[in-house]
Amino acid sequence: GDSVTQMEGPVTLSEEAFLTINCTYTATGYPSLFWYVQYPGEGLQLLLKATKADDKGSNKGFEATYRKETTSFHLEKGSVQVSDSAVYFCALSPYSGGYQKVTFGIGTKLQVIP
Amino acid sequence: EADIYQTPRYLVIGTGKKITLECSQTMGHDKMYWYQQDPGMELHLIHYSYGVNSTEKGDLSSESTVSRIRTEHFPLTLESARPSHTSQYLCASSGGRGRAYNSPLHFGNGTRLTVT
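The listed protein sequences correspond, in order, to chains E and P. Per our numbering, the first sequence starts with residue 38, numbered consecutively. Per our numbering, the second sequence starts with residue 863, numbered consecutively.
If you are wondering where the hints come from, they were derived from the structure by calculation, not from laboratory data. Built from N, CA and C at the ideal position, the CB exists for glycine as well. A couple of the hints might just be wrong.
Calculated from the model, a selection of chain P residues having no Cβ within reach of chain E, i.e. all distances over 10 angstroms [as the list claims (entries may be wrong)]:
hint	residue
1	Gln868
2	Gly970
3	Val977
Straight-line alpha carbon distances no greater than 30 angstroms define the calculated DSSO-like cross-link-like pairs of lysine-lysine that follow [to be verified]:
hint	chain 1	residue 1	chain 2	residue 2
4	P	Lys919	E	Lys138
5	P	Lys880	E	Lys146
6	E	Lys114	E	Lys146
7	E	Lys138	E	Lys89
8	E	Lys97	E	Lys114
9	E	Lys114	E	Lys93
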């Protein structure tokens, strides 16, 4: 079945440091890939997505590139801020017509210290 | 701003009580989901619905039940709460015609349930 493997946290960085959170996936066909972010006390919200190979999703300074050859979708940000402290989830949605079943990674907690 | 609403945000209740967690969305989405989020953050799909009068069980076995009588409303019910039901429950929806797999999920802010 489909699966998403995400690096375990917590990840602690100083403000303005470079961030990478690794995500690899296993799926048949060509899934859509997502990063969601969960701030304390809230639900998840979409951060960015990519729907086909070599697509780059970007939002709020975060980027991730859909790499089919390495089945990866790593999240990066050049300079993190304290306000980026949250839990980040990698997810995939398989291509299956009108059916949608999303598989999530375990989540990576990011703490940014001033 | 949230277009999907969950109530209550927090609930502390005794063992054996019946509870209903409410979830409503104003986006007209046909698909709705319930996830259970454990303290380790991992999300587990417990129920989903692809439209009115459609409900299915998810990957994680749950003693809860759901109903979908109206497009916008997807309540979750526990007939007899137990301490093992203590968790955070997240409701989500997705829509968009055609390529459903491209549509992101929209989440509510969750209900944190504690059963004593």
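A quick look at each hint next to the structure:
1. Gln868: Given a closest Cβ separation of 8 angstroms, the condition is violated.
2. Gly970: Non-interface label fails for Gly970/P: nearest chain E Cβ at 5 angstroms, not farther than 10 angstroms.
3. Val977: The claim stands: Val977/P keeps its Cβ more than 10 angstroms from every Cβ of chain E (closest is about 20 angstroms).
4. Lys919/P with Lys138/E: The given pair, whose Cα atoms are some 12 angstroms apart, holds under the 30 angstroms limit.
5. Lys880/P with Lys146/E: The given pair, whose Cα atoms are some 34 angstroms apart, is violated under the 30 angstroms limit.
6. Lys114/E with Lys146/E: Roughly 15 angstroms between the alpha carbons, so the hint for Lys114/E and Lys146/E holds.
7. Lys138/E with Lys89/E: holds (17 angstroms)
8. Lys97/E with Lys114/E: holds (9 angstroms)
9. Lys114/E with Lys93/E: holds (13 angstroms)
The structure shown violates the earlier hints numbered 1, 2, 5.
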